[in-house]
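Chemist: Residue strings, one per chain:
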Amino acid sequence: MKKLNKLVLIALLLSFLPGFLFAKGQQEKPKVTFYWALYDGLTEDFRANLQNAFMKANPDIKLDIVPVPWKNMHDKITTSLAGGNPPEISVIGTRWLLELMGLNAVDEVTPYVSKATLDNIAPGAMEAKIKGKLMGLPVAAGARIMAINTSITTKVPMTMEELEKDAMAVNDPPKVYGLIMPGKKHTELTDFAYYLLAAGGYFFDINSDGSYGKCAVNSPAGVKALTFMNKLANVDKVVQKGYLSMDRMGSHPVFYAGKAAYVFIGAWVESAMKQANAKFKVKYAQIPPFAGNKSTPLIITDSIAIFKDAKYKKEAGKFLDFFYQDKWKAKFDELVGFPPVTISASKLPQFQSPLYKALGVAALNARGWPLMEGWAEYSDIIWDANQKVFLGQMTPKAALDEAAAKIDKARGM
Amino acid sequence: MADRVIIGKRSKWWNEETRLAYLLLFPAVFVLVAFMFYPIVYVFLMSFFNADKLGRLRAFSGLKNYRTLLATKEFWKVTGRSIIWTAVGVFSKTIFGLVIALLLNVEYRGRKFSRMLFIVPWASAVPISAMLWMWVYNPEFGLLNYTLEVTGLWKNPPIWLGKPISAFVACMWVDIWIGIPFMALVFLAGMQSIPSERYESAYIDGVNSVQKFFYITIPGIGELLMIATLLSSLWTFNDFNVIYILTRGGPANSTNILITSVYQYGFEWLKFNTASVMAVVTFLILSVVSIIYAGIYFKREGE
Numbered sequence: 001m002k003k004l005n006k007l008v009l010i011a012l013l014l015s016f017l018p019g020f021l022f023a024k025g026q027q028e029k030p031k032v033t034f035y036w037a038l039y040d041g042l043t044e045d046f047r048a049n050l051q052n053a054f055m056k057a058n059p060d061i062k063l064d065i066v067p068v069p070w071k072n073m074h075d076k077i078t079t080s081l082a083g084g085n086p087p088e089i090s091v092i093g094t095r096w097l098l099e100l101m102g103l104n105a106v107d108e109v110t111p112y113v114s115k116a117t118l119d120n121i122a123p124g125a126m127e128a129k130i131k132g133k134l135m136g137l138p139v140a141a142g143a144r145i146m147a148i149n150t151s152i153t154t155k156v157p158m159t160m161e162e163l164e165k166d167a168m169a170v171n172d173p174p175k176v177y178g179l180i181m182p183g184k185k186h187t188e189l190t191d192f193a194y195y196l197l198a199a200g201g202y203f204f205d206i207n208s209d210g211s212y213g214k215c216a217v218n219s220p221a222g223v224k225a226l227t228f229m230n231k232l233a234n235v236d237k238v239v240q241k242g243y244l245s246m247d248r249m250g251s252h253p254v255f256y257a258g259k260a261a262y263v264f265i266g267a268w269v270e271s272a273m274k275q276a277n278a279k280f281k282v283k284y285a286q287i288p289p290f291a292g293n294k295s296t297p298l299i300i301t302d303s304i305a306i307f308k309d310a311k312y313k314k315e316a317g318k319f320l321d322f323f324y325q326d327k328w329k330a331k332f333d334e335l336v337g338f339p340p341v342t343i344s345a346s347k348l349p350q351f352q353s354p355l356y357k358a359l360g361v362a363a364l365n366a367r368g369w370p371l372m373e374g375w376a377e378y379s380d381i382i383w384d385a386n387q388k389v390f391l392g393q394m395t396p397k398a399a400l401d402e403a404a405a406k407i408d409k410a411r412g413m
Numbered sequence: 001m002a003d004r005v006i007i008g009k010r011s012k013w014w015n016e017e018t019r020l021a022y023l024l025l026f027p028a029v030f031v032l033v034a035f036m037f038y039p040i041v042y043v044f045l046m047s048f049f050n051a052d053k054l055g056r057l058r059a060f061s062g063l064k065n066y067r068t069l070l071a072t073k074e075f076w077k078v079t080g081r082s083i084i085w086t087a088v089g090v091f092s093k094t095i096f097g098l099v100i101a102l103l104l105n106v107e108y109r110g111r112k113f114s115r116m117l118f119i120v121p122w123a124s125a126v127p128i129s130a131m132l133w134m135w136v137y138n139p140e141f142g143l144l145n146y147t148l149e150v151t152g153l154w155k156n157p158p159i160w161l162g163k164p165i166s167a168f169v170a171c172m173w174v175d176i177w178i179g180i181p182f183m184a185l186v187f188l189a190g191m192q193s194i195p196s197e198r199y200e201s202a203y204i205d206g207v208n209s210v211q212k213f214f215y216i217t218i219p220g221i222g223e224l225l226m227i228a229t230l231l232s233s234l235w236t237f238n239d240f241n242v243i244y245i246l247t248r249g250g251p252a253n254s255t256n257i258l259i260t261s262v263y264q265y266g267f268e269w270l271k272f273n274t275a276s277v278m279a280v281v282t283f284l285i286l287s288v289v290s291i292i293y294a295g296i297y298f299k300r301e302g303e
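Chains as they are written, first to last, in the working numbering: chain B, 1 to 413; chain R, 1 to 303.
If you are wondering where the hints come from, they were derived from the structure by calculation, not from laboratory data. A hint or two may mislead.
[Stated by the list, open to error] Examples of chain R residues toward chain B, derived with CB under 7 Å:
id, residue
1, Y42
2, L54
3, G55
4, R58
5, G62
6, E107
7, P139
8, I159
9, I245
10, R248
11, P251
12, A252
13, E268
14, W269
[What the hints assert, rightly or not] When the alpha-carbon atoms are kept at most 30 Å apart in a straight line, the in silico DSBU-like pairs for lysine-lysine are as follows:
id, chain 1, residue 1, chain 2, residue 2
15, B, K71, R, K212
16, B, K71, B, K397
17, R, K163, B, K406
18, B, K279, B, K327
19, B, K406, R, K64
20, B, K31, B, K327
21, B, K76, R, K299
22, B, K214, R, K271
Don't be surprised by glycine CBs; every beta carbon is placed ideally from N, CA and C.
Looking at chain B on its own, in the form it has when it is part of the complex:
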């Protein structure tokens, strides 16, 4: 009897022992977890080298850089927050900030990062400064541009109408496509955004106080944009075969393979082409507006946020200071192709190429995503409207009216 009681006690102790050991291990060495977005062009070597170099320089801190595919990042952060186990830091889309702030999940960056690091960041890149508080450190900020495969055409269309003509002129499927257009839903709504902005539209009306009004995707500009996209895909048939089953990651390789004349793309184009061993030359230009409109490219910014409930925020700040040195951050920018957000890196020779010049021009007139809670859902609703039109299930006007009504209802308007 006594023996059995002892056995029960030992078994209970043994079952909890790993927990005690784990807790002890954590006390000994703080562990910083960083959700690392797998941008196109980023290599595993760079991630591993950065992690090892930081731990070598800071032997008292353990760093775990967790690679996360970009399309899974939002879900990964949400599940870790819901599970009460957020990372110390993570790359986030700056447009998710309000949602994360609404959950009281993120902390102000300023107390944890050195003044030298903050002073070295271009003030224009500080999109995550909300009500005077810096809630995320900019990690990537890039406007979208148009890349042209010069082995197919050298023509630079100045309007969307010209682009349509030029794409039709070179279109010879399945050998050559005029233009790349992803039609499968993915995390970002980029393609509709390019055409919507080119038509002078935006996703929401902007109230006089700067807040967002009703959804405006069904405005004449929105309808014009979607009608034009549908024409390119289903009437002119100048986009890649099977565009409806290809998201961005699936369709851009068709351009890298030298099979398309034009693509709307981000700064990663050069490094992605290098990785795909593309041999042809590329020319860069601005995404053209529709005739009579002014050029308005899309700009996308991502930030690194510090999570409020994380254990080792001070150590995380130390890592950010380390990462934002030119040795690492400039190399990161070079790999992913984004224009540098740090002042010192922007002066380096590798960032003076035609690509970066085009990106610089694009950034001047660019517009970003709406900074609002619930954008992930609204973006999905607009995607569905796009796909219903591509599938011939609805007209652009009807699909966008339906989407706008759904979004307004979801926002309680």
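Model the placement of chain R on the given structure of chain B, informed by the hints.
Modeler: The following block gives chain R in isolation, referenced to the frame of chain B:
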């Protein structure tokens, strides 16, 4: 006398042997409670509450979440699609599984190698299989359309994942492909347990192959058939990976089933109220199916 009964009862539940049993059961029960019952109970609770964007309960809302969701057309569409997905998927896996098990049960050279080959789809991780098929279906670089075009079997093959019906069929095929080996292996094990004397005496009585299959093989594997189809129904209904990886529920939501919708509402849109109601509905549907199966199974066992 009364004392004796009480002592007898106590000793029945708490003696040296039962204590050891409790001790050995403790880890499994602890894990089950922590990782199975707690989340299930929490999801049930959440469906009756207003939850915040992290799924924390805020205020009791009664049946409001249920009324809101059940009033939407999309929910019924998705539920209907889930039932079709499961029914067609399980039926196909059963038929293919039976045919393959019969083939693997025949004596021939290379039988062991064939058995090994058939287990590959089941042995590989589902997300990897789904990603492999995503490339097979790729309209530009994919093996399937290339083969169909080059061999002249289909000059203009469909964009498999780009249209609602073909995308649903393509996803279903991948789910079937992954699920066949399990069915085949279970049926094969059942077939091997049927005494060969039955087939021999049937042969002497002049019974043909089809009759042998329906009167000896099928009754011989009847119980396994029930269990395998029940398990397959539960897995197929809850198969998230294939659809999420191949289409993410698209195009235009045409391949969304209940389990992918739960994920979409919960983790993409942070609408945990709707997600929890959908999860409860899924749980109830699967519970009903399990109870019906169990009823039939135990009734047969009793006979």
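Chemist: Enumerate the violated hints, using their earlier numbering and listing them in ascending order.
Modeler: 1, 4, 5, 6, 9, 15 and 21
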